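Number of protein chains: 2
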Amino acid sequence: MIKVVQHGVTAPIGFKANGLYCGIKKSKKKDLALIYSEKPCLAAGVFTTNKIQASCVVINKEYLKDARAQAIVANSGNANCMTGESGFENSRAMGLAVARALKFNKKDVLVASTGVIGKPLPIKKILNAIPELVHGASRQGGELAAASILTTDRMNKEIAVELYVGKRKIKIGAIAKGAGMIHPQMALHPPKHATMLCFVTTDAVIAHNALRDALDQAMQKTFNTITIDGDMSTNDMVVILANGMAQNKKIVEKTKEFRDFSKALEMIFLHIAKLMIRDAEGATKFVEISVKGAQTHEDATLVSRAVASSNLFKCALFGCDPNWGRIAAAVGYSGAHVDPWKMQIYLGKELVLRNGGRVKKQAAVLNRVFAQKNIKITVDLGLGKYAATAYTCDFSTNYVRINSAYRT
Amino acid sequence: MIKVVQHGVTAPIGFKANGLYCGIKKSKKKDLALIYSEKPCLAAGVFTTNKIQASCVVINKEYLKDARAQAIVANSGNANCMTGESGFENSRAMGLAVARALKFNKKDVLVASTGVIGKPLPIKKILNAIPELVHGASRQGGELAAASILTTDRMNKEIAVELYVGKRKIKIGAIAKGAGMIHPQMALHPPKHATMLCFVTTDAVIAHNALRDALDQAMQKTFNTITIDGDMSTNDMVVILANGMAQNKKIVEKTKEFRDFSKALEMIFLHIAKLMIRDAEGATKFVEISVKGAQTHEDATLVSRAVASSNLFKCALFGCDPNWGRIAAAVGYSGAHVDPWKMQIYLGKELVLRNGGRVKKQAAVLNRVFAQKNIKITVDLGLGKYAATAYTCDFSTNYVRINSAYRT
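Residue numbers (the working numbering), protein chains in the order written: chain A, 1 to 408; chain B, 1 to 408.
Worth flagging that the hints you see were computed from the coordinates, not collected in a lab.
Predicted model, so just to flag it, every value in this text is computed and none were measured.
Ideal Cβ positions, reconstructed from N, Cα and C, are used throughout, including at glycine.
Treat each hint with caution, since some may be false.
Derived DSS-like pairs (lysine-lysine); straight-line CA-CA distance at most 27 Å [unchecked claim]:
| no. | chain 1 | residue 1 | chain 2 | residue 2 |
| --- | --- | --- | --- | --- |
| 1 | B | Lys274 | B | Lys250 |
| 2 | B | Lys349 | B | Lys39 |
| 3 | B | Lys119 | A | Lys361 |
| 4 | A | Lys119 | B | Lys349 |
| 5 | A | Lys65 | A | Lys106 |
| 6 | A | Lys39 | A | Lys106 |
| 7 | B | Lys61 | A | Lys342 |
| 8 | B | Lys349 | B | Lys65 |
| 9 | B | Lys65 | A | Lys119 |
| 10 | B | Lys360 | A | Lys292 |
Calculated from the model, a selection of chain B residues having no Cβ within reach of chain A, i.e. all distances over 10 Å [unchecked claim]:
| no. | residue |
| --- | --- |
| 11 | Val4 |
| 12 | Gln6 |
| 13 | Gly23 |
| 14 | Ile123 |
| 15 | Val134 |
| 16 | Arg154 |
| 17 | Asp231 |
Construct the complete structure from the given sequences, taking the supplied hints into account.
Next comes the structure, spelled out in structure tokens:
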């Protein structure tokens with residue numbers, strides 16, 4: 001039984017958080033966040049696989065080699081990416097200032113940045129604000145932290161759940177941001193750019209391999225299935241801290257407890273991934289692309305992502321135009337094995353393509369499907385047993401407006 | 001010496017063409033085109049590599065097995081793709097009607113369609129118009145044919161050139177269409193969807209292998225380097241007919257004459273490819289992405305196409321915002337080998353990225369580059385000697401408007 005509870009990242013025992021405005025954003029919205037644990041944590045992270053990586057990504061991978069961390073400090077409004085050697089110095093300085101204030105080892109403070117690429121980080125403003133940031137951290141501060149990592153997002157993204165491991169209750173909490181430059185393809189070892197950030201806390205006692213594997217599996221099935229604009233970020237990261245304060249029997253792989261923990265993590269990530277799509281820049285629709293009947297899992301994934309990424313299909317969604325030919329074209333160029341005579345396409349529950357040709361429907365019926373806010377597209381390749389799902393949004397004139405004037 | 005001359009596809013000796021409105025388009029613009037040669041031609045074609053292919057693509061590949069053709073009949077306003085068995089019957093019927101009227105072998109009449117996918121072709125309207133189409137064909141009809149293959153294009157795309165092979169003058173002419181669903185990746189053997197169509201005529205005497213190879217090489221360096229929206233069509237094709245009426249000494253491979261012919265063909269294709277970008281749906285800018293210093297040619301191509309396809313970069317172009325961080329991010333996710341510390345980025349002639357960080361420039365200087373209608377971006381990977389160029393346009397609110405209401 002997984003139950004949703006309050007307080008996001010500060011729901012698990014022993015975690016505090018805070019968020020404030022330190023002077024980065026012209027809008028004067030909050031731009032600096034802190035999460036930390038009273039006790040040391042096992043930690044794991046997945047990072048963008050973009051070969052251009054922000055200094056925070058490079059540094060966190062280094063810091064996480066010992067599988068330990070105790071805090072995360074994150075700024076929004078500036079990605080601190082492609083900012084040269086001084087960018088690295090600034091990321092390290094930001095982490096170090098938090099480590100000193102909390103008397104933590106410097107490698108136990110992870111850093112994250114999101115915003116414009118190529119602009120020097122205003123590190124003095126950040127350093128000046130860190131005493132107040134640390135001092136004000138509390139068990140109620142999850143929401144402040146959630147607000148402080150947003151960029152073009154219109155709403156906080158947070159959730160927490162509790163579940164039982166044996167007779168002990170454990171909690172998992174998370175906050176996240178991401179509304180544009182969203183096409184994450186993260187991996188444990190290497191990392192990519194949108195920026196999506198997700199910070200996860202748990203009080204569970206769990207073996208490090210189990211923590212890493214649960215993180216990787218859940219991320220593959222959720223964050224790596226969404227796309228907003230096809231642009232992969234230099235700063236994407238999901239980091240999890242586990243402080244063990246729930247005192248449950250240690251969770252190890254291949255047990256019911258591991259499967260329960262993994263399921264809870266996947267539920268959290270799917271919730272956040274869907275929130276990102278709903279909050280996507282300029283989006284007016286939430287769209288699920290369900291692919292089945294593929295010869296391989298890879299083929300199913302290729303097809304789901306090709307359709308989810310098709311600009312033309314996404315413009316048709318915006319225009320409420322059930323132009324399924326654009327779906328067929330994207331399936332065809334996905335790179336997957338496809339037989340046009342065997343494939344079927346459904347808009348909602350309406351079968352529109354079979355035997356290589358359209359199934360005639362009244363225009364009003366299909367228009368009604370595309371007029372909805374939530375749309376499901378099903379592509380059955382008719383060739384095998386593999387399936388995959390991707391989530392996307394429509395492509396609106398507002399998306400273009402938002403992103404043609406992002407820096408101004 | 002390659003000289004540009006008048007009359008497009010009807011510039012070479014022995015070719016006639018025509019174009020008219022047969023009733024497919026609601027706009028009542030011309031929608032049916034014919035090109036034919038008085039004498040039989042050697043022929044070659046390259047087609048979309050999309051696995052969903054329109055019936056015309058499948059049929060032409062079959063008809064071209066004998067390396068011969070004498071006419072091309074093409075409609076716009078309907079792609080006749082994903083229209084089942086009857087779609088194939090309609091494509092064959094369209095070709096057959098022309099073959100009968102001209103007393104040609106049925107396999108010598110190639111067919112092409114472009115427009116909406118999944119809608120039955122109004123074949124009766126086409127068949128009714130074919131007598132008039134054939135009867136009205138003339139040496140002056142190139143322009144009418146050019147107009148009749150357009151869809152969202154705002155201007156005709158045609159060109160003709162002449163050059164000498166020994167002492168004989170030969171001509172090459174071409175017409176084309178394409179303004180959206182443009183991300184061609186064509187190949188001789190398999191084929192893809194935007195639709196771009198290009199029909200080429202020549203009166204040169206040329207060996208079939210030489211004709212195929214010249215076509216393939218020129219296409220790779222030109223059409224396959226452009227993108228408008230990243231969506232590959234089911235109907236893309238480039239077809240060339242060579243009737244030999246210039247009576248030059250036969251052009252064979254590995255000769256100066258072959259290189260001259262290839263160069264002329266490449267010049268024609270590059271001209272047309274650039275016209276497509278200039279006429280791209282909603283576009284306000286023409287952008288050249290020049291990549292150098294790559295370790296392999298494939299890497300150079302990956303980088304040039306990733307930048308040319310980045311929605312975020314293209315929105316920044318529309319907004320005249322010199323946000324080069326989005327270029328860096330696209331380079332990083334291109335899949336090519338990249339070292340952020342070695343790569344350099346130029347906006348126009350302005351170096352903006354070096355040694356992993358920005359080169360500080362006055363905002364006004366960079367804004368001026370991005371305010372221009374023609375923009376060149378150079379990415380020097382600093383790793384090797386390979387180079388590639390891609391051409392693209394900006395992504396505008398008008399592109400979204402045009403494509404959200406394409407069918408209505």
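What's the verdict on Lys360 of chain B and Lys292 of chain A, does the C-alpha distance respect the 27 Å limit or exceed it? 51 Å, violated
Holds or violated: Lys119 of chain A to Lys349 of chain B, with C-alpha atoms at most 27 Å apart: Satisfied, since the Cα-Cα distance of roughly 20 Å is no more than 27 Å.
Hey, is Val4 of chain B genuinely clear of chain A, shortest beta carbon separation above 10 Å? Nearest chain A Cβ is 34 Å from Val4 of chain B, so the label holds.
Are Lys65 of chain A and Lys106 of chain A close enough, with their CA atoms no more than 27 Å apart? 13 Å, holds
Are the Cα positions of Lys349 of chain B and Lys39 of chain B separated by 27 Å at most? With a Cα-Cα distance of about 51 Å, the restraint between Lys349 of chain B and Lys39 of chain B is violated, given a limit of 27 Å.
Minimum C-beta separation from Asp231 of chain B to chain A exceeding 10 Å: can you confirm that? 5 Å, violated
CA of Lys274 of chain B to CA of Lys250 of chain B, is that 27 Å or under? 31 Å, violated
Between Lys349 of chain B and Lys65 of chain B, does the CA-CA distance stay at or below 27 Å? Between Lys349 of chain B and Lys65 of chain B the Cα gap is close to 48 Å, so the pair fails against 27 Å, i.e. violated.
Given the hint that Lys39 of chain A pairs with Lys106 of chain A, does the C-alpha gap stay at or below 27 Å? 15 Å, holds
Does Lys119 of chain B pair with Lys361 of chain A here, judged by a C-alpha cut-off of 27 Å? The hint holds at about 12 Å.
Holds or violated: is the Cβ of Gln6 of chain B farther than 10 Å from all Cβ atoms of chain A? 35 Å, holds
Consistency of the no-contact label for Val134 of chain B, given chain A and a CB cut of 10 Å: Consistent with the label, Val134 of chain B stays out of reach of chain A, its closest Cβ about 29 Å off (over 10 Å).
The structure fails hints 1, 2, 8, 9, 10 and 17 (numbered hints given earlier, in ascending order).
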